[in-house]
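A.B. asks: This is what each chain is made of:
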Amino acid sequence: MCNIQEEITLNFDVKIKPKSKNCVKCKTAKATILIRHSTYCRKCFQHVFVGKFRKNIEKSRNASNSGSGEKVMIGFSGGPSSRAMLQLISEYNEVLPQKQFYSEIVVCHIDESLLFNNQKSTIPQIEQIVRKYNYPFIGLYLQNIYNSDVTKSGCYNNVIEIAIDDAKILQQEDSIFSPSEKLLNLLNNISKLTAKEDFIWYLKLCYLIDTARKNGCTRLFLGDCSTRLSIKIISLTSKGRGFSLPLETSGETDWFKDVIITRPMKDMLSKEIGIYNQFAGLEDIYIQSVTSMMHAKASIERLTEDFIVRLEKEFPSTVSTIARTGAKLTPSDYILEENRCIICLMPYQENNKIWQNRIIVMTIPSLQQSNGCSNIQQLHCSKNSKNPYDCSNVSNDESMTNIEFTDLLCYGCRVNMRDIKVANNKTILPPYVAEGVEEKKKKDNRKQMRKHIEEYLLCNEEEL
Amino acid sequence: MVRLCVICNKERAIVKRPKTGQQVCKGCFYYVFETEIHNTIIDSKLFKKDEKVAIAASGGKDSTVLAHVMKLLNERYQYGLELFLLSIDEGITGYRDDSLETVKRNQQQYDLPLKIVSYSELYGWSMDQIVKEVGLKNNCTFCGVFRRQALDRGAVMLDVDHIITGHNADDIAETVLMNILRGDVGRLQRCTEICTTGDGCIRRSKPFKYTYEKEIVMYAYFKKLDYFSTECIYSPNSYRGHARTFLKDLEAIRPSAIIDIIHSGEAFEIKKEVKLPTQGVCKRCGYMSSNELCKACVLLEGLNRGLPK
Ligand SMILES: [Zn+2]
Ligand SMILES: [Zn+2]
Ligand SMILES: [Zn+2]
Ligand SMILES: [Zn+2]
Numbered sequence: 000m001c002n003i004q005e006e007i008t009l010n011f012d013v014k015i016k017p018k019s020k021n022c023v024k025c026k027t028a029k030a031t032i033l034i035r036h037s038t039y040c041r042k043c044f045q046h047v048f049v050g051k052f053r054k055n056i057e058k059s060r061n062a063s064n065s066g067s068g069e070k071v072m073i074g075f076s077g078g079p080s081s082r083a084m085l086q087l088i089s090e091y092n093e094v095l096p097q098k099q100f101y102s103e104i105v106v107c108h109i110d111e112s113l114l115f116n117n118q119k120s121t122i123p124q125i126e127q128i129v130r131k132y133n134y135p136f137i138g139l140y141l142q143n144i145y146n147s148d149v150t151k152s153g154c155y156n157n158v159i160e161i162a163i164d165d166a167k168i169l170q171q172e173d174s175i176f177s178p179s180e181k182l183l184n185l186l187n188n189i190s191k192l193t194a195k196e197d198f199i200w201y202l203k204l205c206y207l208i209d210t211a212r213k214n215g216c217t218r219l220f221l222g223d224c225s226t227r228l229s230i231k232i233i234s235l236t237s238k239g240r241g242f243s244l245p246l247e248t249s250g251e252t253d254w255f256k257d258v259i260i261t262r263p264m265k266d267m268l269s270k271e272i273g274i275y276n277q278f279a280g281l282e283d284i285y286i287q288s289v290t291s292m293m294h295a296k297a298s299i300e301r302l303t304e305d306f307i308v309r310l311e312k313e314f315p316s317t318v319s320t321i322a323r324t325g326a327k328l329t330p331s332d333y334i335l336e337e338n339r340c341i342i343c344l345m346p347y348q349e350n351n352k353i354w355q356n357r358i359i360v361m362t363i364p365s366l367q368q369s370n371g372c373s374n375i376q377q378l379h380c381s382k383n384s385k386n387p388y389d390c391s392n393v394s395n396d397e398s399m400t401n402i403e404f405t406d407l408l409c410y411g412c413r414v415n416m417r418d419i420k421v422a423n424n425k426t427i428l429p430p431y432v433a434e435g436v437e438e439k440k441k442k443d444n445r446k447q448m449r450k451h452i453e454e455y456l457l458c459n460e461e462e463l
Numbered sequence: 000m001v002r003l004c005v006i007c008n009k010e011r012a013i014v015k016r017p018k019t020g021q022q023v024c025k026g027c028f029y030y031v032f033e034t035e036i037h038n039t040i041i042d043s044k045l046f047k048k049d050e051k052v053a054i055a056a057s058g059g060k061d062s063t064v065l066a067h068v069m070k071l072l073n074e075r076y077q078y079g080l081e082l083f084l085l086s087i088d089e090g091i092t093g094y095r096d097d098s099l100e101t102v103k104r105n106q107q108q109y110d111l112p113l114k115i116v117s118y119s120e121l122y123g124w125s126m127d128q129i130v131k132e133v134g135l136k137n138n139c140t141f142c143g144v145f146r147r148q149a150l151d152r153g154a155v156m157l158d159v160d161h162i163i164t165g166h167n168a169d170d171i172a173e174t175v176l177m178n179i180l181r182g183d184v185g186r187l188q189r190c191t192e193i194c195t196t197g198d199g200c201i202r203r204s205k206p207f208k209y210t211y212e213k214e215i216v217m218y219a220y221f222k223k224l225d226y227f228s229t230e231c232i233y234s235p236n237s238y239r240g241h242a243r244t245f246l247k248d249l250e251a252i253r254p255s256a257i258i259d260i261i262h263s264g265e266a267f268e269i270k271k272e273v274k275l276p277t278q279g280v281c282k283r284c285g286y287m288s289s290n291e292l293c294k295a296c297v298l299l300e301g302l303n304r305g306l307p308k
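Residue numbers (numbering that gives the first Met the number 0), protein chains in the order written: chain A, 0 to 463; chain B, 0 to 308.
These are calculated hints, taken from the structure and not from any lab test. Wrong hints could be hidden among the right ones.
Straight line, CA to CA, 30 Å or less: simulated DSSO-like cross-link-like pairs of lysine-lysine [what the hints assert, rightly or not]:
(1) B/LYS247 - B/LYS213
(2) A/LYS51 - B/LYS274
(3) B/LYS274 - A/LYS191
(4) A/LYS352 - B/LYS47
(5) A/LYS352 - B/LYS48
(6) A/LYS440 - A/LYS450
(7) A/LYS327 - B/LYS274
Based on the sequences and whatever the hints tell you, model everything.
C.D. replies: Quick look at the structure:
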């Protein structure tokens with residue numbers, strides 16, 4: 000898994016439970032493990048655990064009906080859940096050695112040690128674990144998201160520079176700033192940890208998907224367990240990402256077209272995973288996050304984690320109820336492939352910016368218009384605003400106004416942009432974002448052209 | 000050094016807006032506060048011209064400010080609404096008497112007709128009597144269920160088919176979270192709707208849907224509107240209490256979180272194959288209910304059965 004972090008402490012003492020109780024499954028062996036309200040013996044626990052995993056993975060294989068020969072990638076953070084997933088996938092693929100379900104399994108890890116001063120790279124440790132499985136390993140450094148090859152075309156070297164009143168697309172000059180400096184500058188210019196964590200997560204996700212694509216993998220496994228997913232359901236909701244939530248938490252999604260995302264650990268609690276790893280002797284590694292060791296109110300993600308873990312202790316069905324709620328949600332019919340946020344790559348809703356300006360009024364109408372009417376256009380930008388994303392407005396078209404730029408963002412990313420402070424150090428967004436802007440511009444251009452000549456066209460786009 | 004209002008750049012800023020963090024003057028605060036409510040009303044086409052609308056008035060801060068703002072917007076933008084105050088007397092000695100006094104004062108201030116319906120009049124039981132009968136344990140259930148119905152009955156007496164309530168953005172965000180935590184997808188989908196219609200023809204709307212609780216208090220404070228603290232003497236159940244604390248913490252981390260949650264809630268769509276409980280009507284009183292008898296009728300039946308002869 001490559002999620003923010005699996006920090007949930009495992010309460011191992013709960014395993015030791017009333018001595019007289021027998022396992023609910025085999026009814027004969029003495030129970031040693033308590034999961035929610037059921038007691039299991041060790042053997043049955045493992046059986047049930049592995050069974051849940053197999054059920055999920057079979058389901059996704061049947062749905063895609065790819066048969067054998069699929070090349071897949073495991074997103075591997077090194078945390079407990081992705082550690083268990085690596086083991087389970089390899090066991091699953093070796094059931095019938097002559098007929099393997101996946102033709103090739105690649106393991107990918109993204110090192111974030113740059114974000115933590117003088118921390119050693121996590122790659123050597125991870126590589127050691129992966130070596131046991133004999134799978135090809137790809138170790139990436141998060142800062143290399145600024146490389147020109149982490150783009151659709153594979154060689155796109157423009158970036159976006161955020162300034163007070165515009166966002167410029169310009170040629171990337173590696174001589175001035177290294178990728179590490181660019182990433183650190185960007186993150187240092189984000190004043191709030193919530194937005195920072197959000198940025199880091201989506202940069203990782205985009206990097207993983209790009210890497211899977213470039214390596215010909217048609218599937219990316221992520222290790223989100225049910226505890227993590229229920230935390231995500233609440234935190235995504237709290238960050239205004241309800242529209243894309245079903246894509247970001249479901250067992251499987253084809254939103255990225257050629258790379259399907261599968262979460263085979265979605266039905267396992269972090270506690271179960273901890274027990275499984277202990278039994279199987281699987282060692283995980285400690286992965287630091289920007290809010291590690293901080294108090295619960297450091298960020299929305301951190302607060303939500305604290306909230307859910309505490310609630311689950313008091314009401315042991317909290318996680319499963321939230322996960323079930325999330326599973327009943329579906330991507331909207333109004334999701335359009337072309338309305339893809341250029342930063343997080345998630346879908347955005349049309350017109351939500353207008354909505355936002357109506358219910359959060361930041362300005363008063365200028366005098367000549369102040370006849371009490373309720374026109375959207377009258378909401379003007381206050382000129383002295385220090386943050387370029389305080390409000391939106393139609394303004395003169397230069398290279399690209401912030402307005403045009405924010406038009407290509409989802410609601411959640413727009414909320415994040417408010418926390419970017421334009422400082423001396425340049426705020427530069429990676430090439431894949433710039434590429435997304437140009438792509439979108441081209442598409443819009445084509446649409447306009449088409450409109451112009453529509454009445455003369457005798458066939459539709461695809462037939463041309 | 001005097002801080003200037005970031006909106007008008009003229010007046011002295013006297014408050015930091017909870018919703019946006021902007022430092023604004025009193026006049027600009029009133030303007031944005033009222034305009035956001037007006038925009039909400041217009042964009043959702045909440046009212047028809049010449050409609051009769053009852054304001055559910057409890058004497059608490061939300062409904063007191065609601066009455067004030069509705070009266071003001073109705074005149075400023077010529078909605079052409081005929082407004083009423085509708086109040087419920089649960090029959091709780093001390094607690095309710097004071098808040099009803101507030102409502103009566105509001106009536107005089109705003110010159111709006113007031114209708115008070117009482118539990119004893121509707122159900123033959125006051126809350127004091129119910130508490131005597133069932134003790135302090137379930138009285139919140141009774142009160143909640145009865146109040147909903149009582150408002151509808153009061154509306155019928157006023158010949159009004161639209162009730163507006165003072166539910167604010169915080170209430171709605173909290174309800175979104177609660178419905179996720181409880182796994183109630185049916186309610187999850189409905190709870191962000193600005194206007195809900197029961198089986199009858201009585202609509203219920205929430206003009207304060209996007210209005211922050213803190214700003215409602217701020218508005219009341221600056222406008223010197225007097226209200227009675229109607230915080231129920233019975234604390235919310237522990238689960239809701241957790242959700243409330245969580246929401247307050249979220250708001251402290253990121254003030255827009257309340258609006259962000261509502262935005263998420265509005266975007267949620269339920270899978271078509273998920274079965275939602277079908278809404279029927281109560282056999283006895285005709286009120287919407289997913290069972291044969293509505294909750295109020297069940298509770299009432301229990302009360303009456305246990306009535307000592
Ligand atoms: Zn057993
Ligand atoms: Zn986005
Ligand atoms: Zn002002
Ligand atoms: Zn009934």
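A.B. asks: State for each hint whether it applies.
C.D. replies: Structure-based check of each hint:
1. B/LYS247 - B/LYS213: holds, 11 Å
2. A/LYS51 - B/LYS274: holds, 24 Å
3. B/LYS274 - A/LYS191: Outside the cut-off at roughly 41 Å; violated.
4. A/LYS352 - B/LYS47: The given pair, whose Cα atoms are some 27 Å apart, holds under the 30 Å limit.
5. A/LYS352 - B/LYS48: Holds, at about 29 Å.
6. A/LYS440 - A/LYS450: holds, 15 Å
7. A/LYS327 - B/LYS274: Roughly 10 Å between the alpha carbons, so the hint for A/LYS327 and B/LYS274 holds.
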